[in-house]
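Colleague: Mind docking chain B on chain A? Use the hints.
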Amino acid sequence: MKAKSVIVFSLTMVVVTTAGFRMHDQENPWPVPDKFTNMKNPVKPDEESLKTGKALWLKHCQSCHGKSGLGDGSKAAQLKTDPGNFSVAAFQKQTDGAIFYKTSEGKDDMPSFRKKIPDQDDIWSVVNFVRTLKK
Amino acid sequence: MLFILLPAAALFAQDTTAIETPEAREGEAVEENTAAAKKYVKNTFESIWLIDNQTVMVPIKGTFEMDILHRFGTIDNGYKDFYGLFASSNIRLGFNYSPTGRLMTGLAITKSNMTWEGYVKYAILTQTRGNEYPVSLTWYSNMAVETRLKENYAHASDRFSYFHQLLIARKINDRISVQVAPSLTHMNFVYGQFVDTSVEKSGKIRERKHDHLAVSVAGRFRIKEGMHIIANYDQPITQHKTGNPHPNLSLGLEVTTSAHAFQIFMGNYYFITPQRNNYYNQNNYRDQQFVIGFNITRLWNF
Chain A
1 MKAKSVIVFS LTMVVVTTAG FRMHDQENPW PVPDKFTNMK NPVKPDEESL KTGKALWLKH
61 CQSCHGKSGL GDGSKAAQLK TDPGNFSVAA FQKQTDGAIF YKTSEGKDDM PSFRKKIPDQ
121 DDIWSVVNFV RTLKK
Chain B
1001 MLFILLPAAA LFAQDTTAIE TPEAREGEAV EENTAAAKKY VKNTFESIWL IDNQTVMVPI
1061 KGTFEMDILH RFGTIDNGYK DFYGLFASSN IRLGFNYSPT GRLMTGLAIT KSNMTWEGYV
1121 KYAILTQTRG NEYPVSLTWY SNMAVETRLK ENYAHASDRF SYFHQLLIAR KINDRISVQV
1181 APSLTHMNFV YGQFVDTSVE KSGKIRERKH DHLAVSVAGR FRIKEGMHII ANYDQPITQH
1241 KTGNPHPNLS LGLEVTTSAH AFQIFMGNYY FITPQRNNYY NQNNYRDQQF VIGFNITRLW
1301 NF
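Protein chains in written order, with this note's numbering: chain A, 1 to 135; chain B, 1001 to 1302.
One should not assume that every hint holds.
If you want the footprint, here are the derived chain A segments under chain B, 3+ residues with CB under 8 Å [unchecked claim]: (1) 71-77; (2) 87-95.
On the chain B side, residues computed to face chain A include the following (Cβ under 8 Å) [stated by the list, open to error]: (3) PRO1059; (4) ILE1060; (5) GLU1065; (6) GLY1226; (7) THR1257; (8) SER1258; (9) HIS1260.
If you're looking for bench data, these hints aren't it; they were derived computationally from the structure. Note that CB positions come from ideal geometry on N, CA and C, so glycine has one too.
Here chain A stands alone, though its shape is the one from the complex:
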């Protein structure tokens, strides 16, 4: 009986928590201008680009998004907004342009990297690296 209660409680918490994130996402959608959604990635995801993207990811993104983009970075617990899970299809279905826009402009806890990473090709390289986080 006790075990059953624990299972029910755990499942309830999972549902509530997941719903909470979903509600948060729904309440705070991140609209991307069409110009960016349809923008083509000018940087090929070759070895050099992925190396650049990975280096920038480890320097600027890892602390919140985690080494593998699971949203489990060392600062993640202090954030008011969910850093997301970049390995799942829900994230990966976005266009390169949408990821570029969000990285470049930022929103809420997500800082803008337009000035910190002034070369746009470098941000595209981050986008290329983010694609490798898909599971």
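Modeller: Chain B in isolation, oriented as in the chain A frame:
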């Protein structure tokens, strides 16, 4: 040294991952197709500091930076003052801003002799991927003024000193960067210059020159992303009659994040103000007169 190092570095030259366009360096819009643009090597070093010397790096346009530099006492007293950590320490607080991607200006105060510094750094050339420019070339100059009580100075001009340095660096590959930096120090007032009419008609014995040349050789080795071994050696060149400064040998670890750089190291320089380090250092590495120190930098982008 320079002529040996630079050709050797060129032999190991290769493209690096860290590149940028001149348009981006100035923070302007970059066209989608940048393939034809000149590609500059980026992140030759991760900070404007490499232990006691500046690096060729100038923060990107619109960056405001705060630096906290700390040097403890020498370790040679052992446990008595816990290897210098409980001895009298020297501290420098600095603030700088980059109005363009090539220029940095700043102001700092150092505890030792209450020394204020105003400084400028200008990136003359930046190393390119295609070896059009095999090295990065940056100029650094400062003017320092000591602000202790006037009883400490015979003339107001005695408070002033100047330091100029040409920084030449090459990012050899993703792991290794090296820098050679000749410098010129000018001290308006020097210790060891006093009146002794029995020796010279003029009454002045100039035991030390006002101008002092030195050269720094520094490098970093990347252990992994955001973590580097850093090393620096400063060699005095000008010889004075007395009180010649000792060289500085230093080694440390650098950890960097998106907006911070933290360097912890051991070396011989205590004064932090570069002209005083180069001119007055009496800590000798042969006598194990090392000090533990750290540099912390924090960046904000506007």
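Colleague: Against this structure, judge whether each hint is valid.
Modeller: Here's how the hints hold up against the structure:
Only residues whose C-beta sits within less than 8 Å of a C-beta in chain B count toward coverage, and the stretch 71-77 of chain A has 0 of them, not enough to reach three; the restraint is violated. Interface restraint, the stretch 87-95 of chain A with chain B: violated (0 residues with C-beta to C-beta distance below 8 Å; minimum three). Interface restraint check: B/PRO1059 against chain A, minimum CB-CB distance 10 Å, threshold 8 Å, status violated. Checking B/ILE1060 against chain A by beta carbon gives a least distance of about 6 Å; that is within 8 Å, so the hint holds.
The beta carbon of B/GLU1065 is not positioned within 8 Å of any beta carbon in chain A (closest approach about 13 Å), and the interface hint is therefore violated. For the restraint placing B/GLY1226 at the interface with chain A, the shortest Cβ-Cβ distance is roughly 6 Å, inside the 8 Å limit, so the hint holds. Look at B/THR1257: its Cβ gets to within about 7 Å of chain A, closer than 8 Å, so that hint holds up. With a cut of 8 Å, the hint placing B/SER1258 at the interface with chain A holds, because the nearest CB-to-CB distance is about 4 Å.
The beta carbon of B/HIS1260 comes no nearer than 11 Å to any beta carbon in chain A, farther than 8 Å, and the hint placing it at the interface is violated.
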